[in-house]
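Novice: One-letter residues, chain by chain:
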Amino acid sequence: MQPLSDKPYEFNQRDRLVQPPALTPDYKTSVMRSPSRALISIENTLSEITGPVFTAAELGPLDNDLTRNYARDGLAIGERIVVHGYVLDENARPVPNALVEVWQANAGGRYRHRNDGYLAPLDPNFGGCGRTLSDDNGHYFFRTVRPGAYPWRNLVNDWRPAHIHFSLSGQGFAQRLITQMYFEGDPLIATCPIARTIRDEEALRRLIAAQDRSAFVQFDSRAYRFDIVLRGKRATLFEDRVQGGKK
Amino acid sequence: MLPPDYFAHALKETASQTSGPFVHIGLAPHLVGIGGVKPIGSNKLAGPGTKGERITIEGRIFDASGTPLRDALVEIWQANAAGRYNHPADRQKKPLDKSFRGWGRTCTDFETGLFTFETVKPGAVEGRNGGVMAPHVSLWIAARGINIGLQTRMYFPDEEKANAADPVLNGIEWVSRRKTLVAVLEQRKGKPVYRFDMRLQGADETVFFDA
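In order, the protein sequence lines correspond to chains F and H. Take 31 as the starting number for the first sequence in this note's numbering and just add one per residue. Take 2 as the starting number for the second sequence in this note's numbering and just add one per residue.
FYI, nobody ran anything at the bench for these hints, they're computed from the structure. Built from N, CA and C at the ideal position, the CB exists for glycine as well. Fair warning: there could be bad hints in the mix.
Simulated restraints on C-beta separations [to be verified]: (1) F:P151 - H:A204: 45 to 51 Å; (2) F:D216 - H:P96: 48 to 54 Å; (3) H:A166 - F:D166: 19 to 25 Å.
Here are a few chain F residues that face chain H, going by a calculated C-beta distance under 8 Å [unchecked claim]: (4) P50; (5) P65; (6) S66; (7) I79; (8) P82; (9) E109; (10) A122; (11) Y141; (12) G158; (13) R161; (14) A204; (15) A233; (16) R236.
With the sequences and hints as input, model every part of the structure.
Specialist: This is the structure in structure tokens:
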């Protein structure tokens with residue numbers, strides 16, 4: 031099958047069964063911040079199938095190495111890891127040139143942020159921001175330290191499992207996605223009110239990265255594999271074209 | 002219960018999670034003093050060479066209590082002044098503007114909750130099936146407490162005729178809700194400021210789209 035990019039296309043309807051609902055009372059902040067009306071369904075137009083296109087020139091040489099891109103007088107403290115995987119669409123096609131942006135707490139579970147007052151110390155050599163573009167095969171990778179778990183104000187004694195925040199910009203604005211990657215074997219995942227906003231067990235399991243021995247770097251880093259799937263494209267059929275023009 | 006292949010795709014879309022309160026670190030690191038990475042995206046979309054009428058878009062996002070969100074990410078995507086998107090899938094016969102990408106990103110202010118974009122007013126864009134969409138800006142917001150990013154559109158109050166014919170606005174069954182997508186125009190020091198407040202709940206809850 032030919033790629034659809036040279037033909038009029040639209041994105042597949044979003045499969046809401048795998049997505050968290052807006053209102054999830056166990057995650058308390060959602061109560062005041064969730065729309066209570068149904069979303070209005072609209073067909074894709076040019077406004078949805080297009081989106082910003084990013085280039086490698088917009089990224090710095092250390093943008094995908096969080097152990098070094100904020101370093102002042104040494105490397106970031108913590109377990110050194112590589113995180114890598116493929117950005118694919120629902121049709122299992124690679125999404126090249128996707129902007130993958132990540133942010134995370136340091137190894138002690140502390141964010142470099144004015145609103146994080148957790149007592150774990152900041153690491154002078156760790157900022158917590160990284161980004162990269164997927165290659166022609168949809169592959170991406172970055173190096174970081176494994177983030178720590180930390181307490182947060184929800185239930186009195188809730189702790190977030192270790193996680194890395196991911197932001198994805200694919201080909202179209204309607205593919206925009208923010209998510210979190212968890213680590214295989216973390217006992218905090220099962221009781222986390224944020225992880226559990228996802229009702230579909232399989233969908234949550236796909237956010238848990240497995241250790242990937244094949245990508246370990248000798249005498250340097252362990253590795254985790256995290257694949258990301260964005261909405262797929264389909265050809266617009268018949269006359270109801272996304273873009274107007276002559277019939 | 003739906004059969005597992007109800008959506009017969011090879012793979013399922015990755016599930017969304019909230020951006021949390023520290024979204025700045027990843028997507029607007031300069032706002033929390035994190036250097037070392039190149040800045041990507043800003044709230045200034047228009048450069049000196051950009052064609053079109055210079056406008057400011059500003060607004061706030063209110064929660065159910067009327068409190069503005071002070072930790073939200075706001076992104077916008079729009080066509081240029083001629084009504085063309087800077088993207089290969091847009092094959093309208095309209096000029097591209099090399100100095101306009103049409104994409105902006107910012108966060109709401111830590112104290113006031115205000116977000117601001119400096120851009121140009123977009124032109125009208127072809128809709129489906131040969132229709133025309135009124136000039137509009139697409140917005141996407143993410144924040145702590147928002148489990149999956151919210152998508153909406155801002156329309157222009159000085160485009161009354163085009164708005165009345167817009168297929169997306171007209172597709173909103175509740176006529177009274179359509180006005181939640183139309184900005185309010187203010188003149189400030191002789192310059193147009195389009196005020197676009199979003200409400201996550203309440204009588205004037207903003208229309209959000211499943212697009």
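Novice: Tell me, which hint numbers fail for this structure?
Specialist: 3, 9
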